[in-house]
Amino acid sequence: DDDDDDDDDDDSRCQAAMNTTTTPFSAVPPTIPMNPFQSEEDYKNSRRTMQSAPVAVVDLLSNHNSWQHYHPDVVPPSKQEKHILTKGAPHYIEVLLDLPESDLNREKIGMFSVLVDLHSSPLLPSGLDESKNCSDNTTTSMATTTKILASSIRSARTPYESHWISVFRKLLCILPHVLGALPESRRVIVPSYRFFVESEAFPLRFVTVRLVMPSENLERGEVVEVVQGMLHIGEELRGLQLILKEWFFTCLMVGTFVLFVLQLVLVLVLQSIWEYRCLCQQEREEEDIILDDDVWEDLGLNGVDDTTDGNENGDIDGTQDGGNSGPHSTQEESSLDAFYDARSIQEQQQNNNNNNNNASYDIDMDSDDEAGQWEDLRTTQLGARSTLSEDRDGGNGTGGTTEHPGPRIEEELRHTIPGD
Numbered sequence: 001d002d003d004d005d006d007d008d009d010d011d012s013r014c015q016a017a018m019n020t021t022t023t024p025f026s027a028v029p030p031t032i033p034m035n036p037f038q039s040e041e042d043y044k045n046s047r048r049t050m051q052s053a054p055v056a057v058v059d060l061l062s063n064h065n066s067w068q069h070y071h072p073d074v075v076p077p078s079k080q081e082k083h084i085l086t087k088g089a090p091h092y093i094e095v096l097l098d099l100p101e102s103d104l105n106r107e108k109i110g111m112f113s114v115l116v117d118l119h120s121s122p123l124l125p126s127g128l129d130e131s132k133n134c135s136d137n138t139t140t141s142m143a144t145t146t147k148i149l150a151s152s153i154r155s156a157r158t159p160y161e162s163h164w165i166s167v168f169r170k171l172l173c174i175l176p177h178v179l180g181a182l183p184e185s186r187r188v189i190v191p192s193y194r195f196f197v198e199s200e201a202f203p204l205r206f207v208t209v210r211l212v213m214p215s216e217n218l219e220r221g222e223v224v225e226v227v228q229g230m231l232h233i234g235e236e237l238r239g240l241q242l243i244l245k246e247w248f249f250t251c252l253m254v255g256t257f258v259l260f261v262l263q264l265v266l267v268l269v270l271q272s273i274w275e276y277r278c279l280c281q282q283e284r285e286e287e288d289i290i291l292d293d294d295v296w297e298d299l300g301l302n303g304v305d306d307t308t309d310g311n312e313n314g315d316i317d318g319t320q321d322g323g324n325s326g327p328h329s330t331q332e333e334s335s336l337d338a339f340y341d342a343r344s345i346q347e348q349q350q351n352n353n354n355n356n357n358n359a360s361y362d363i364d365m366d367s368d369d370e371a372g373q374w375e376d377l378r379t380t381q382l383g384a385r386s387t388l389s390e391d392r393d394g395g396n397g398t399g400g401t402t403e404h405p406g407p408r409i410e411e412e413l414r415h416t417i418p419g420d
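In the UniProt record's numbering, the protein residues as written are 1 to 420.
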């Protein structure tokens with residue numbers, strides 16, 4: 001008897017504890033078998049509670065989603081696409097909710113659920129009536145027959161943040177908050193579907209999103225506050241894309257290091273190429289200089305500038321610039337001397353054949369000059385008699401040249417005969 005009393009007390013305490021929970025199902029004592037009709041009734045009650053929760057319906061093939069129409073003429077024509085998802089490819093579906101940082105959401109709402117249902121209109125052959133294909137799990141919406149493809153429910157809540165952290169964060173962002181650029185809300189991401197593949201016969205058309213609240217909260221009017229909601233649909237990441245998403249910061253560090261190394265290698269390669277080109281250019285210039293010197297030495301004309309008229313004016317390369325000669329000026333001058341001596345001998349021989357060997361002297365009969373007085377010829381007259389003096393030498397080269405005079409005195413004197 002004592003054991004039976006203890007069991008009854010435990011059952012009563014369990015019954016009282018379960019009645020205080022927020023589950024929509026009624027508590028059943030473990031000693032009594034579960035009634036299937038009662039379970040079905042509880043499920044209907046929970047669905048009825050979900051129907052009273054905030055709901056949003058998205059038509060993926062329509063140009064409007066913010067209002068409901070009852071006549072097709074009041075809405076723009078729908079999109080012509082019958083499939084918005086890639087055939088055979090897995091997709092993900094996420095619900096994004098922006099919850100304001102109100103006292104209701106932070107202190108009274110707590111946990112809530114997000115129910116997402118996917119609906120589709122069956123693609124029937126022409127001539128068949130869609131109403132004949134309605135079943136128990138199909139519903140009529142917007143004058144079209146839809147079929148529930150999948151259902152997902154996930155729990156969510158407002159992100160937790162302590163009072164002081166919230167105050168400090170708002171102080172840092174006080175200016176954007178005051179200007180209205182940054183709203184006082186937190187975003188919640190609810191991953192409803194992963195790897196969803198669209199059916200070929202039943203393409204995805206409608207998405208229904210409901211925010212399911214506990215019945216006690218609904219009775220007190222405590223419903224979650226939402227600024228806006230968004231639905232994201234995309235293909236699942238594969239291979240490298242998945243690695244970049246899951247290991248974002250690691251890939252960021254590795255990628256930055258790899259790019260730095262590649263840029264450094266590129267700079268070093270370009271610098272090496274530039275230095276190699278400069279070295280090759282310098283070697284070519286040195287080879288050209290050495291080749292020019294070898295050619296002049298082979299011809300015996302080293303240091304001779306054949307662009308100047310040296311055989312007529314006697315100008316030597318390197319002496320017309322004010323006497324500024326290069327480091328090989330001594331060797332070049334000796335070569336030029338030998339070259340001009342040979343040419344002067346040839347010119348003297350030609351002049352001996354063309355000119356006579358008689359030399360004339362100019363005698364000044366001026367009576368004003370004293371007897372026995374000698375005077376020097378002017379420079380112009382001296383240049384005129386240089387050829388005669390060379391002729392008297394017989395062309396043997398002992399008389400010297402204009403640039404290098406020999407033992408002969410270059411100045412010719414004349415004797416002035418007295419006036420009497």
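Hints are not guaranteed to be accurate.
To be verified - Listed next, the in silico DSS-like pairs over lysine-lysine satisfying Cα-Cα at most 27 angstroms (straight line):
1) K170 - K87
2) K147 - K82
3) K108 - K170
4) K87 - K245
In case anyone wonders, no lab produced these hints; they're calculated from the structure.
Hint check:
1. K170 - K87: At roughly 46 angstroms apart (the allowed maximum being 27 angstroms), K87 and K170 break the hint.
2. K147 - K82: Distance ~15 angstroms between K147 and K82 Cα, so the pair holds.
3. K108 - K170: It holds: about 22 angstroms lies between the C-alpha atoms, which stays within 27 angstroms.
4. K87 - K245: Status holds; Cα separation ~24 angstroms.
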